[in-house]
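Asks: Sequence:
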Amino acid sequence: MAQDGTIYPLKAPAEPNAIPLGTGGVKSQKAPETWFRQWGDPMARNISTATLTPFLPAQGKANGTAVIVAPGGGYRWLSMDNEGWEVAKALSEKGIAAFVLKYRLHPTPESLDDFKAWMNRPPAAAPSDTLASATPPGMPQLDLSNQLADAEAAYALILKRAKEWGVDTKRIGMIGFSAGAGLTMHATLNSKSMKLAFIGPIYGGMGPVEVPKNAPPMFNVIATDDFLFRGQFGVVDSWYKAGIPVEFHLYQNGGHGFGLGNPDRTSNRWFDAFMHWLDVNRFLRPEPNK
1 MAQDGTIYPL KAPAEPNAIP LGTGGVKSQK APETWFRQWG DPMARNISTA TLTPFLPAQG
61 KANGTAVIVA PGGGYRWLSM DNEGWEVAKA LSEKGIAAFV LKYRLHPTPE SLDDFKAWMN
121 RPPAAAPSDT LASATPPGMP QLDLSNQLAD AEAAYALILK RAKEWGVDTK RIGMIGFSAG
181 AGLTMHATLN SKSMKLAFIG PIYGGMGPVE VPKNAPPMFN VIATDDFLFR GQFGVVDSWY
241 KAGIPVEFHL YQNGGHGFGL GNPDRTSNRW FDAFMHWLDV NRFLRPEPNK
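Residue numbers for the sequence shown follow our numbering, beginning at 1 and rising by one.
Think of the hints as simulated: they come from the structure by calculation, not from any bench.
For clarity, every value in this text was computed on a predicted model and none was experimentally measured.
Mixed in with the good hints, there may be bad ones.
Said to hold, decoys possible - Below, computed lysine to aspartate or glutamate pairings styled on DMTMM-like, alpha-carbon distance capped at 20 Å:
1. Lys-89 to Glu-164
2. Lys-241 to Glu-210
3. Lys-94 to Asp-272
4. Lys-213 to Glu-247
5. Lys-11 to Asp-81
6. Lys-11 to Asp-114
7. Lys-195 to Glu-287
8. Lys-61 to Glu-93
9. Lys-27 to Glu-110
Produce the complete structure using the sequences and hints provided.
Replies: What follows is the structure in structure tokens.
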């Protein structure tokens, strides 16, 4: 399949390890879940049943840390491989129990042709990937109550099965990409049940936020040629002023949606930097007596 921006139909792949989260459906969603391929990557849209797919480390390699991985796609589709499965596999190879969150989405047109036309509409009508505090002027704020409920259910499931999955319940973090970064931030700012040990918003909105007193350390990544950057450092500044540990990587290039990396981009080393950050903060070393 050509590695281009053309949208191609795709048969839904098997997801044998996906665990339904039981958070309900999507109001006014009449279209079934369907998949497409763009830029060589599988994407899912019209998701009305949230799931969590574990990617566990090889036996004897687990260090107790767990990460919820939230793919992006403007809350209208999910880049399941580029920002989900590939990232989870890379994390599990480092001894981290990774869990890809396939969260519920806002509806898109049922037919692929209508969806293509919807995708090609003027940019001003496009949905925002970010929170209100980080949304460019004129971009609509989406209701993220379904997505937050899915993230909370994923966290609760990991707590429930922590012993089985080799997870230290005090070392559960969350990273997300684009809209997934927005969901990660939304959960950090608004959830009453999630006690995240760290967060990693990757190329998400950069506007300032009101940081909770118990907010976790943050690892933040974006490229200067990302349309969401726009010379902003607000969310990083908010963490810094709140006195909470923050690490920020601003890369020369990478654009938006680079996942683990694209050819010849300085942003390709962000995952190595993230692993080093986790290591220095003692998340890659098993805790004694665990």
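Asks: Against each hint, give a clear statement of whether it holds in the structure.
Replies: Hint-by-hint comparison with the structure:
1. Among the hinted pairs, Lys-89 with Glu-164 is consistent with the structure: their alpha-carbon atoms are about 19 Å apart, no more than 20 Å.
2. A distance of roughly 10 Å separates the Cα atoms of Lys-241 and Glu-210; the hinted pair therefore holds under the 20 Å criterion.
3. This hinted pair checks out: Lys-94 and Asp-272 have alpha carbons roughly 11 Å apart, not beyond 20 Å.
4. Proposed proximity of Lys-213 and Glu-247 is supported: the alpha carbons are some 18 Å apart, at most 20 Å.
5. With a C-alpha separation of about 14 Å, the suggested pair Lys-11 and Asp-81 falls inside the 20 Å cut-off, and the hint holds.
6. Taken as a hint, the Lys-11 and Asp-114 pair is honoured in the structure, with Cα atoms around 18 Å apart against an allowance of 20 Å.
7. For the proposed pair Lys-195 and Glu-287, the alpha carbon gap of about 18 Å is at most 20 Å, so the pair holds.
8. Taken as a hint, the Lys-61 and Glu-93 pair is honoured in the structure, with Cα atoms around 8 Å apart against an allowance of 20 Å.
9. For the hint pairing Lys-27 with Glu-110, the CA-to-CA distance comes to about 15 Å; that is within 20 Å, so the pair holds.
When held up to the earlier numbered hints, the structure conflicts with none and fits them all.
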